[in-house]
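Peer 1: The listed protein sequences correspond, in order, to chains A and V. First residue of the first sequence: 3, per the working numbering; consecutive thereafter. First residue of the second sequence: 509, per the working numbering; consecutive thereafter.
Honestly, the hints are just simulated from the structure, not real lab data. No false leads were mixed into what you were given.
Here are the simulated lysine to any residue pairs, SDA-like style, with alpha carbons at most 20 Å apart:
1. A:39 <-> V:629
2. V:668 <-> V:773
3. A:72 <-> V:615
4. V:575 <-> A:71
5. V:756 <-> V:680
6. A:72 <-> V:570
7. A:39 <-> V:626
8. V:649 <-> V:596
9. V:569 <-> A:159
10. A:4 <-> V:554
11. A:137 <-> V:573
Note that the structure is predicted; figures quoted are calculated from it, not measured.
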Amino acid sequence: MKRLSLPISHEEISSLHAGEEVLLSGTIYTARDCAHKRIFELLDEKKPLPFPIENAVIYYAGPCPAPEGKACGSCGPTTSVRMDSYAPRLLDLGLCGMIGKGELGKRTAEAIQRNRKVYFAAIGGAGALYGNAVKKCECVAFPDLLSEAVYRMEVEDFPVLVATDCMGRSVY
Amino acid sequence: MFYNGRMRIVDTKEITEVVAHMAARAGVSLTEACRSSLEEARKREEGAAAFALQIALENEKIARREKMPVCQDTGMAVVLMEIGQDVSLRGIPLSEAVNEGVRRAYREGSFRMSICDPLTRANTGDNTPAHLHTEIVEGDKIDIVFLPKGFGSENMSALKMLTPAEGREGILRFVEETVKTAGSRPCPPVYVGVGIGGSFDSCAFLAKKALTRELGKRHPREDVASIEEDALARINALHIGPQGFGGKTTALGVSCEIAPTHIAGLPVAVNIQCHCVRCVKETI
Numbered sequence: 003m004k005r006l007s008l009p010i011s012h013e014e015i016s017s018l019h020a021g022e023e024v025l026l027s028g029t030i031y032t033a034r035d036c037a038h039k040r041i042f043e044l045l046d047e048k049k050p051l052p053f054p055i056e057n058a059v060i061y062y063a064g065p066c067p068a069p070e071g072k073a074c075g076s077c078g079p080t081t082s083v084r085m086d087s088y089a090p091r092l093l094d095l096g097l098c099g100m101i102g103k104g105e106l107g108k109r110t111a112e113a114i115q116r117n118r119k120v121y122f123a124a125i126g127g128a129g130a131l132y133g134n135a136v137k138k139c140e141c142v143a144f145p146d147l148l149s150e151a152v153y154r155m156e157v158e159d160f161p162v163l164v165a166t167d168c169m170g171r172s173v174y
Numbered sequence: 509m510f511y512n513g514r515m516r517i518v519d520t521k522e523i524t525e526v527v528a529h530m531a532a533r534a535g536v537s538l539t540e541a542c543r544s545s546l547e548e549a550r551k552r553e554e555g556a557a558a559f560a561l562q563i564a565l566e567n568e569k570i571a572r573r574e575k576m577p578v579c580q581d582t583g584m585a586v587v588l589m590e591i592g593q594d595v596s597l598r599g600i601p602l603s604e605a606v607n608e609g610v611r612r613a614y615r616e617g618s619f620r621m622s623i624c625d626p627l628t629r630a631n632t633g634d635n636t637p638a639h640l641h642t643e644i645v646e647g648d649k650i651d652i653v654f655l656p657k658g659f660g661s662e663n664m665s666a667l668k669m670l671t672p673a674e675g676r677e678g679i680l681r682f683v684e685e686t687v688k689t690a691g692s693r694p695c696p697p698v699y700v701g702v703g704i705g706g707s708f709d710s711c712a713f714l715a716k717k718a719l720t721r722e723l724g725k726r727h728p729r730e731d732v733a734s735i736e737e738d739a740l741a742r743i744n745a746l747h748i749g750p751q752g753f754g755g756k757t758t759a760l761g762v763s764c765e766i767a768p769t770h771i772a773g774l775p776v777a778v779n780i781q782c783h784c785v786r787c788v789k790e791t792i
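The shape of chain V in the complex, shown without the other chains:
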């Protein structure tokens, strides 16, 4: 690394290395916040719900000890990158560098290749392409988030264009309905990412981004944090419980991200994450 005037030069080879390392780590470990949240839930539950959480916690230990994928659905590789505008990238194109990192980690880690053509269903064979989202920000650093996203939960996600009149209550109702419809399918207890505002497409991204926030951390804006709290209470009152076996813990948390929207609309997106929250962050 060296500076060329105000620009910091980064070879995309370094990005390949970092992404490979992040992917390898993410696949075999839950976040610390997720693990402790599952432990707390285990204490609250009994019967079949406690059995499900006990197995999940034992599994987490085995995965960590033996470097085995926590879940066989090692997911679609979601990569969020915030690139400082004072960084100048050199080498192979960024998306290729990211894909190479994913390819390497999935092969070497004995991860499942889960990406296929949507129509022919032919597997791409190396879990690429990654879903890469880039944003240009201030500074000369690159912040990378790696989120392997399983599709049992992704399949249960939803987006709705609410009317402004539906407001806060409409948002809460839609979040609750989405989790209720999902039932046992997304491997509860889930982590719920909610996007509020923006446009049809950017709202869905906000929901995904919400899932990269550490479980249990509140949104800095009080009115948003209160939606998170109320949504969580309403979801847990559904008593779907771990794996749908019934119980107090249907969700481990709710995170909302917001963005300004059009005066005529109120887009809301709900992205569901299963109880295996695997998310790794690095800065170059």
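The following block holds chain A by itself, in its conformation from the complex:
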């Protein structure tokens, strides 16, 4: 299986094909519905963001609390289409891509292709396996949102499938 270290270059993104299995390592940021809403409020007010959007990978996920001795609790992906009203603007701002589950909304799929970015599918329901692939986890914004807060995660060999590639080809 192909291994990729985040952040990934434009060339690496271009080499990915829909359907390819990949192991990701490096930094990712979690954000779900509520966190996206707040990030958009910050963008509109031109305030600093919790993390640089440029070249970042957002993981659509809300982990379980970390049990003792682990960096992170169970942490599988959530349904990507719910973020369809947010993702295009972030991709236009330079976001490298997202990890989630299920088909993208039409607007997001178009933004992936327009910006030559990538969408990875993690396997929904595999929370324990993905939680164990998280080696470090730190809340970087909106702690009041609990599991919906923004967490910076260092992941190692995090298994995903290239679901929508930079040419807009999709596995769905």
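With chain A's structure known, arrange chain V on it following the hints.
Peer 2: Okay, now just chain V, sitting in the frame of chain A:
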């Protein structure tokens, strides 16, 4: 426990204990029928679909071994209780006893708190209230079913008031359409609960109740079982496949529950369950 005449006295403290234990177990394990069904599906599939099922099966092992939630969506706590009419409950109110069990299990198990106000979206912080459904039945026992229900799949559920003329074919078409519309979103391969009959509200409950039947078990009524079989065949012919990656297995099973309805109607509800079937049953 002691008997007072014909009544059996049960302190609701015992219900808290049992619910806490059930919730803790449900969150970290798939049902045996679900696990073996995923294994069978894994043998049938190839490519991306096989990759998805392989990860799901590896995940199940890790969750069981390390007592980690199978899925981070440890769900809304759905509790179905059949209380024998010869049982007399003592202690704190039943719903509080159930909530206390949920609160304890979710905190101690490092489960995610997923319940919030529908408008302010403020999290209740302890995954309560549970969705408790009680039914008074014969006898002096309490049968409890604990079903943690994730919302990726719950969101894809639907209800339709069909006309009697639409009949069996209408039911099959609606079930197929609902699963097709859901596509990759509810984490297929799904388990499909179908409610047929009753009223608008009771029909939705029948669909939920159908999901508490062990995967693979047929309805005792032949005409209902044949709807289950035909629905499953039509769903799997959609080739949505595991995680929507395409393939032979879009659903692991279909369960129907029926109830008499009004002469003017044919309510049908479809409640979708993801491939993590987590359901625990206990009797007090």
